[in-house]
Structures are given as structure tokens and as C-alpha cells.
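Under the working numbering, residue 554 is the last one in the first sequence; the count climbs by one each step, no gaps.
Source of the hints: derived by calculation from the structure; they are not laboratory data. You can trust all of the hints, since none of them are fake.
Label-pair ranges, simulated between beta-carbon atoms:
no., residue 1, residue 2, range
1, R504, V425, 26 to 34 Å
2, E517, R395, 17 to 25 Å
3, A528, V552, 16 to 24 Å
4, E517, D317, 25 to 33 Å
5, D514, G428, 44 to 52 Å
6, D514, S545, 40 to 48 Å
7, R403, E331, 30 to 38 Å
8, E320, E397, 28 to 36 Å
Simulated pairs of lysine to any residue, SDA-like, Cα-Cα distance not exceeding 25 Å:
no., residue 1, residue 2
9, K402, G455
10, K402, R497
11, K332, A439
12, K332, L318
13, K402, P379
14, K332, E314
15, K332, D317
16, K431, M305
17, K431, T312
18, K402, T508
C-beta: ideal position from N, C-alpha, C; glycine also.
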Amino acid sequence: MCGRYTLTVEAGDLAERFGVQVPDDYEKRYNAAPRQSLPVVRTGVDVDPEHAPEDVRDAGDRGREFAFAEWGLVPSWVGEPDDANRPINARSETVREKRSFRDAFERRRCLVPADGFYEWVERGGGKQPYRVTLADESVFAMAGLYEVWEGEVAQSSLAAFGADGDDDRRRRVESFTVLTTEPNDVVADLHHRMAVVLDREDETTWLHGDPDEAQALLEPYDGAMRSYPVSTAVNDPGNESPGLLEAVDV
DNA sequence: CCAGACGTTGTT
DNA sequence: GTCTGG
DNA sequence: CCAGACGTTGTT
DNA sequence: GTCTGG
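Using the sequences and the hints, build the whole thing.
So this is what it looks like as C-alpha cells:
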């Protein structure tokens, strides 16, 4: 599956790769973890892909945009995001049936840019992390879903915030989840699930295609990948440095 | 009808 | 063992 | 995903 | 909001 990943490219390269504007607060990530605010490429929040004008469906600038979102999906109907299950993954096989994902699958699919993800293998007494990349180490997109939750701030939080105006009582949480499928040959050595990695030419279909077309893309990645062991320093989500990418002996 | 869940992974 | 935090 | 906490009363 | 369980 996918519970930790890397995105180690410069803002300019990310912008060029996905055709979006990347904000100044973008930073490379060597150990992106659940609950963090991370980059996604999505359709406009108010764009309904099924009913969007042709130019939007064809993925012009209005059709895709960069956003930061929290990893762990918060459906729009939950009462309180802090109390919600926040699934970081959604099974491709059942995603269209599940209440938590169905609406997002129909209307709010996104790309999750990455240039590697980590998988752990049980080793006597601990867990050995491996990093999986494309064979050429280029950036790819994982298939994701995003949500926008808006609601009132819980009463208990009001005092802490000292809120008084109506606007201060509103809260907005944008979030995403990564789809999983069966592993390809490279990942099967490490794990029995893997993130859906999209072929580059399918990214627009994932964002703007109809749901049946999108579903057809949820297959194990067929291109060349490689994996290599990395330091157990990766295990601690507080560690975040370029050194985490270095191969180690096992 | 109302109440309560709504998810994945992995492990037993 | 299980939940929360990152 | 893994790491780390897992609690209360009272006082600052 | 919508589905499942009782």
C-alpha cells in the first residue's frame, strides 16, 4: 500500500510536469506522512467533470490546479473532522461502492505527485524500509480522491481561538486519499498492495474522464520500477532530509 | 422506522 | 493492545 | 505508514 | 448525505 512517500523535485519542475502554478510555500518532501498537508493536482473545486465545458474537460488551466491537502480523507458529511476516520488509502476494487469514497470518485479525483514511495518489510525485531521509484527516477502521479469539508468550529474550540465573528467560526479542511491495487512484480517482493501509479498519458483521463474511463486506469503499474533499501531513519515520520533517499546495505 | 456507521492495512 | 500524532 | 502515548489534580 | 443493521 502506500503510507509514506517522497516528492523531491523543485517547484519549477513540478509546475512544468503537471501544468499548474506551484505556490511559494511548496517544499520538497523526503518523508511525506499521513495527516500532513501535501501537494495535489486537482480539478477546480467547483468543477463537475461530468458537466464541465469542453475546454475544461480537455484540461486547460481551469481544468487542473495545484492545492495543498491533508493526507487522510474527510468526507464532507462528517460532523467533526477530528473525530472522523481518515483513510489514507482506498481500495480500487470497491472504491465506487463505498459511501466514504463514492461521491469523490464521481466528482473529485486528483493526482498525487511523487517520485517514490516507501514500503516496509518485517525483519527480525524491526521493519526495514524500501524506497520504490520509476526506473528513471522521474516524477509520477498516484491516483487520488480529494474532499472539501466545511463546517462550524466545535464549541470547545471557540474559547481557545477567541473567535467572535462569523467567519472565525467556519473551518475548512481539504483532504485526499490514495488509491491502492494489487502490486506489480517489483512491489510484490515487498508487499501485497500498492498505490495506483498512473501512466502519464492517462493523467488527464483520471482527472476529467467519466467514472468508467477513470476506473479502467486502476491497474498495477506496468512500467519499469526499481526498489532499494533505505535507512530505518525513514520510520520516524519526524525525520525529513535528503539523506533518507540514500541506499543502505541489508 | 431509527441508530449508527461510513476505511485500510495487517494479523489472528 | 489500541489510539493519536506526524 | 511508524512512533509514541496511554492520566488526574492542582498550580503556574 | 446515504446505506446498513436491528
